[in-house]
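A.B. asks: Here are the chains, one letter per residue:
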Amino acid sequence: MHHVALQALDLAAQRGVQYADVRLVESKSQDLSTRNGRVSQVADAESVGMAIRMLVDGGWGFAATDDLTPAGVEKAVTMARAIARASTMALKNAARLADEPVHRAKWASPCTIDPFGISVTKKLDHLLRVDEAMRANKAVTLTETLFHANRARQFFVNTEGSEIEQTRTMTGAGCACYVFEDGDLQKRSYPNSFGGQYQLKGWELVEEIDMLSQASRLAEEAAALHSADVCPAGEFTLILDSSQLGLQIHESIGHPIELDRVLGSEANYAGMSFLTVDQLRKLQYGSPLVHVVSDATLEHGPGLGTFAFDDEGVAAQRTDIIREGLFTGYLTSRETAGAIGATRSNGCLRAAGWDRLPLIRMTNTSLEPGTSTLEEVFDVPHAIYMETNKSWSIDDKRYNFQFGCEVAWEIRNGKRVRMLKNPVYSGISTQFWNACQAIANREHWTLWGVPNCGKGQPEQVMGTGHGASPSRFGEISVGSL
Amino acid sequence: MTDAQAREWFSAAQREAREHGVDDVEMFCAEEESALTRFANNAIHQNMSEESRVVSIRVAIGQRTARATTNRMENIREATRTAIELARASEPDAHLMEMFSPGIVEPVMRWDEATAQVTPAMRAEIVREAIGCVEDAGHMAAGMYSTSRASQMLLNSRGLHVRHDETGATFSITATARDSSGWAKASAVRAEDLDPATLARSAAEKGTQSAAPRRMEPGRYRVLLEPAAVLDLVGQIFGDCSATALEEERSFLTGRMGERLFGENITIYDDVRHPLQDGAPFDGEGVARRALTLFANGVPGEMPYGRAAAARAGRKPTGHGLSVPNEAGECVTNIVIAGGSHSPADLLRELGDGILVTRLWYIREVDPFRKVMTGMTRDGTFLVEGGEIVCGLQNFRFNESVVEMLRRVEAMSAPVRASGEEAFDMVVPAMLVNDFPFTEVTLF
Numbered sequence: 260m261h262h263v264a265l266q267a268l269d270l271a272a273q274r275g276v277q278y279a280d281v282r283l284v285e286s287k288s289q290d291l292s293t294r295n296g297r298v299s300q301v302a303d304a305e306s307v308g309m310a311i312r313m314l315v316d317g318g319w320g321f322a323a324t325d326d327l328t329p330a331g332v333e334k335a336v337t338m339a340r341a342i343a344r345a346s347t348m349a350l351k352n353a354a355r356l357a358d359e360p361v362h363r364a365k366w367a368s369p370c371t372i373d374p375f376g377i378s379v380t381k382k383l384d385h386l387l388r389v390d391e392a393m394r395a396n397k398a399v400t401l402t403e404t405l406f407h408a409n410r411a412r413q414f415f416v417n418t419e420g421s422e423i424e425q426t427r428t429m430t431g432a433g434c435a436c437y438v439f440e441d442g443d444l445q446k447r448s449y450p451n452s453f454g455g456q457y458q459l460k461g462w463e464l465v466e467e468i469d470m471l472s473q474a475s476r477l478a479e480e481a482a483a484l485h486s487a488d489v490c491p492a493g494e495f496t497l498i499l500d501s502s503q504l505g506l507q508i509h510e511s512i513g514h515p516i517e518l519d520r521v522l523g524s525e526a527n528y529a530g531m532s533f534l535t536v537d538q539l540r541k542l543q544y545g546s547p548l549v550h551v552v553s554d555a556t557l558e559h560g561p562g563l564g565t566f567a568f569d570d571e572g573v574a575a576q577r578t579d580i581i582r583e584g585l586f587t588g589y590l591t592s593r594e595t596a597g598a599i600g601a602t603r604s605n606g607c608l609r610a611a612g613w614d615r616l617p618l619i620r621m622t623n624t625s626l627e628p629g630t631s632t633l634e635e636v637f638d639v640p641h642a643i644y645m646e647t648n649k650s651w652s653i654d655d656k657r658y659n660f661q662f663g664c665e666v667a668w669e670i671r672n673g674k675r676v677r678m679l680k681n682p683v684y685s686g687i688s689t690q691f692w693n694a695c696q697a698i699a700n701r702e703h704w705t706l707w708g709v710p711n712c713g714k715g716q717p718e719q720v721m722g723t724g725h726g727a728s729p730s731r732f733g734e735i736s737v738g739s740l
Numbered sequence: 047m048t049d050a051q052a053r054e055w056f057s058a059a060q061r062e063a064r065e066h067g068v069d070d071v072e073m074f075c076a077e078e079e080s081a082l083t084r085f086a087n088n089a090i091h092q093n094m095s096e097e098s099r100v101v102s103i104r105v106a107i108g109q110r111t112a113r114a115t116t117n118r119m120e121n122i123r124e125a126t127r128t129a130i131e132l133a134r135a136s137e138p139d140a141h142l143m144e145m146f147s148p149g150i151v152e153p154v155m156r157w158d159e160a161t162a163q164v165t166p167a168m169r170a171e172i173v174r175e176a177i178g179c180v181e182d183a184g185h186m187a188a189g190m191y192s193t194s195r196a197s198q199m200l201l202n203s204r205g206l207h208v209r210h211d212e213t214g215a216t217f218s219i220t221a222t223a224r225d226s227s228g229w230a231k232a233s234a235v236r237a238e239d240l241d242p243a244t245l246a247r248s249a250a251e252k253g254t255q256s257a258a259p260r261r262m263e264p265g266r267y268r269v270l271l272e273p274a275a276v277l278d279l280v281g282q283i284f285g286d287c288s289a290t291a292l293e294e295e296r297s298f299l300t301g302r303m304g305e306r307l308f309g310e311n312i313t314i315y316d317d318v319r320h321p322l323q324d325g326a327p328f329d330g331e332g333v334a335r336r337a338l339t340l341f342a343n344g345v346p347g348e349m350p351y352g353r354a355a356a357a358r359a360g361r362k363p364t365g366h367g368l369s370v371p372n373e374a375g376e377c378v379t380n381i382v383i384a385g386g387s388h389s390p391a392d393l394l395r396e397l398g399d400g401i402l403v404t405r406l407w408y409i410r411e412v413d414p415f416r417k418v419m420t421g422m423t424r425d426g427t428f429l430v431e432g433g434e435i436v437c438g439l440q441n442f443r444f445n446e447s448v449v450e451m452l453r454r455v456e457a458m459s460a461p462v463r464a465s466g467e468e469a470f471d472m473v474v475p476a477m478l479v480n481d482f483p484f485t486e487v488t489l490f
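As you go down the protein sequences, you meet chains G and A in turn.
Counting from 1, position 259 in the first sequence corresponds to residue 518 in my numbering; the numbering is continuous, with no gaps.
Counting from 1, position 256 in the second sequence corresponds to residue 302 in my numbering; the numbering is continuous, with no gaps.
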């Protein structure tokens with residue numbers, strides 16, 4: 260299929276462009292799920308398409324098509340050019356791109372056990388056994404399990420001479436159970452809520468998370484929540500598990516550092532950011548324990564934000580975002596890097612598929628492991644420990660947040676003393692991170708996948724990665740709703 | 047996508063299925079061309095178009111079923127084989143219904159040729175004019191203008207053949223000032239029914255009026271929620287309004303059917319044929335969508351039933367089933383809240399002293415049974431005294447039970463087609479609500 264992308268690029272170049280790139284993407288996916296012991300989803304999908312993005316007289320044009328015939332490709336190129344010309348009708352500043360070396364590369368994410376190579380019968384059998392194990396607890400009123408796999412092969416070319424082929428294989432799996440009783444619905448999920456865990460791995464991910472080993476615990480906890488006390492309200496020392504902290508990073512660090520938001524590109528939809536450019540290398544974002552990186556390299560781990568090149572051909576990089584609490588970096592693209600005086604993009608322009616325009620997106624935005632043992636994180640006279648996200652909300656400049664979790668425990672002298680239900684906590688992003696008191700070491704660090712991050716118009720749903728280990732924060736507003 | 051093309055694709059799938067001893071085949075075909083011009087900082091910065099086709103094939107083998115989807119029309123036979131392999135590998139589902147035998151589906155006209163023919167230059171011209179309206183007010187404009195045309199068909203081996211064609215246009219704009227902002231959005235089947243310049247002026251005026259926002263303490267306030275705010279908040283409850291959600295005891299209506307849950311002034315329909323609605327007049331299995339009175343004077347009434355849920359309950363399907371197989375059963379997508387008779391100006395006077403809310407943002411469920419939602423106000427929150435806007439306010443976080451809120455609605459405007467970002471477009475009124483709980487204030 261490479262010839263199709265090259266044909267589109269040649270056509271664009273012949274018609275005169277400042278810059279053009281073409282992405283041709285072939286993807287296939289599989290979704291399996293069960294619900295209360297029944298198979299509720301068995302579906303495969305494949306999609307192939309091409310997008311051309313071009314810069315003409317400083318204006319951007321973008322057209323995507325799944326008609327890959329010569330006529331279809333020519334139509335897309337013609338449309339992209341017409342759109343670029345139209346963009347110049349309301350243009351203030353011509354777009355300019357930071358330099359990037361020419362790359363010719365081929366890369367594939369590691370995948371030990373091909374998720375498409377395992378039989379559907381085996382996969383469904385696994386999900387049904389997990390489902391059954393949760394339903395063994397008679398209090399359970401609804402169970403869910405799911406498996407998702409996706410493989411996307413992308414061929415990228417641009418008018419500067421880059422030719423990059425990348426293949427990424429992603430797998431996700433999870434389970435959840437609900438207990439409805441006396442007008443109250445309680446839920447426990449594993450290994451994370453809203454679909455489970457997602458990484459750039461194969462079937463080995465499903466084996467690693469071992470849902471079957473956790474099924475009965477989940478059911479017991481969902482049932483026990485009905486007789487648990489509600490989480491007390493007040494200012495408490497708060498300990499978060501690594502999955503909840505991953506989402507906290509996503510919302511209160513990952514989005515605010517997107518430079519397109521800062522510059523106003525998302526003002527109408529996803530919003531802007533409190534991190535105006537004058538705060539770079541000046542704002543004390545967190546306590547000195549807080550080190551956050553944006554890292555798309557494989558060395559960081561098989562996260563949903565791991566790749567070799569972003570979707571405008573910039574090589575994967577590791578960027579310090581917060582170092583010893585000081586705010587040090589944004590997520591950038593070739594067009595925006597110059598706005599903060601950078602001479603090169605740090606490689607964060609990503610598209611959700613062949614039919615979408617690449618935008619600045621998180622790669623793997625992670626809190627680096629600390630030095631504390633888990634016992635040291637919990638070693639306080641009194642704290643509230645929360646686990647597994649239930650709700651999340653933050654304002655459109657990313658100051659004020661509120662998160663709810665599925666379950667909490669009151670901690671006394673380092674030990675769990677009682678289960679608490681309906682816990683929530685809230686705060687202001689920088690105040691929260693400055694209240695960080697302890698971060699567990701690498702032994703407890705997990706690279707979580709958030710598969711459902713929405714941004715852009717038309718909306719694009721993107722996978723991002725967030726490494727975190729359980730951490731403690733002082734004097735956080737906690738309550739129950 | 048012509049009918050003949052779709053029939054040809056379906057015949058190919060059916061032939062392949064028969065070669066493998068499978069008779070029951072269903073095919074969903076869709077084709078779409080859409081374009082979106084996005085602007086920020088008073089200039090077009092993202093501008094795109096896409097065209098796509100997709101064919102989704104489902105086979106049923108006894109009580110087993112599975113689906114395979116492709117956008118490569120040359121792969122239809124292969125996709126059919128994939129669906130067969132998946133179905134054979136799957137487990138039997140006692141709830142699986144035989145494929146739907148065609149009924150009567152009255153078409154609904156939602157195609158506007160002029161909208162289908164909007165060009166990039168036409169969109170850019172409209173955007174340029176809207177930016178000018180915001181620039182004139184001294185603010186920064188960001189927003190988008192999109193147009194689309196789409197066709198879908200559903201066919202099956204029992205003779206089902208239904209089709210729906212639709213155009214659409216959406217315009218939204220945010221006017222950002224030094225310490226304030228305003229927003230407006232609208233959507234329609236016909237681009238001609240949108241008035242981007244008026245929306246731009248409205249957003250700019252809100253940006254101006256909310257300058258130097260005052261900080262008010264959190265608490266319970268009397269609020270006037272504009273239609274977009276109503277849509278985004280009340281829209282969070284409709285995922286629970288389904289027979290399958292009730293059966294699985296995951297709905298807030300579990301054990302509450304027939305009980306007066308909301309105020310007597312709250313009546314909510316689902317009606318695909320409402321003149322301000324959009325969407326196809328048939329569901330994921332081809333059943334004609336029937337209008338439902340979901341809540342009559344505050345009491346839960348008719349719920350949507352897909353074919354499987356209807357069979358289990360001994361009822362008739364309502365035409366709200368999702369494509370099979372699925373996890374959720376059915377859903378409503380054409381919400382109409384009956385509303386009242388007040389004009390927007392009347393409602394502001396009626397509010398007297400309180401808070402006017404333009405839109406809500408990042409709404410998430412905190413309690414699934416009480417339907418407690420949290421979220422933020424955004425882009426135009428105002429202090430109102432004596433029925434007049436006094437000044438802008440810093441944005442609030444709310445934690446509100448939608449069930450309880452719908453008991454505290456004092457007055458409503460006539461319903462309009464509203465468009466937000468947290469729920470699908472609906473026909474809803476503005477609502478004057480007492481004791482709305484703002485729990486925190488953010489820093490802007």
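A couple of the hints might just be wrong.
[Unchecked claim] FRET-style restraints, in silico, Cβ to Cβ:
1. A/Gly347 / G/Gly317: 27 to 37 Å
2. G/Ile372 / A/Gly108: 26 to 36 Å
3. A/Glu450 / G/Lys381: 20 to 30 Å
4. A/Arg319 / G/Asp488: 44 to 54 Å
5. A/Lys362 / G/Thr337: 47 to 57 Å
6. A/Lys362 / G/Glu718: 34 to 44 Å
7. G/Met260 / A/His66: 41 to 51 Å
The hints are simulated quantities; they were obtained by calculation from the structure and are not laboratory data.
It should be emphasised that the depicted structure is a prediction, and the values quoted were computed from it without experimental measurement.
For every residue, glycine included, the Cβ atom is placed at its ideal position computed from N, Cα and C.
A.B. asks: At the C-beta level, are lysine 362 of chain A and threonine 337 of chain G separated by a distance inside 47 to 57 Å?
C.D. replies: Given a distance of about 50 Å, which is inside 47 to 57 Å, the answer is holds.
A.B. asks: Measuring from beta carbon to beta carbon, are methionine 260 of chain G and histidine 66 of chain A in 41 to 51 Å?
C.D. replies: Given about 28 Å between the Cβ atoms, the range is violated.
A.B. asks: Honestly, do isoleucine 372 of chain G and glycine 108 of chain A meet the 26 to 36 Å range at C-beta?
C.D. replies: holds, 31 Å
A.B. asks: Within 34 to 44 Å or not, the Cβ separation of lysine 362 of chain A and glutamate 718 of chain G?
C.D. replies: The hint (34 to 44 Å, Cβ to Cβ) holds, given that lysine 362 of chain A and glutamate 718 of chain G are roughly 35 Å apart.
A.B. asks: Okay, arginine 319 of chain A versus aspartate 488 of chain G on CB: inside 44 to 54 Å?
C.D. replies: holds, 50 Å
A.B. asks: A range of 27 to 37 Å was offered for this pair. Does it hold for the Cβ distance of glycine 347 of chain A and glycine 317 of chain G?
C.D. replies: Violated, at about 57 Å.
A.B. asks: Note whether the CB distance of glutamate 450 of chain A and lysine 381 of chain G lies within 20 to 30 Å or breaks it.
C.D. replies: violated, 48 Å
Checked against the numbered hints listed earlier, the structure breaks hints 1, 3 and 7; every other hint is satisfied.
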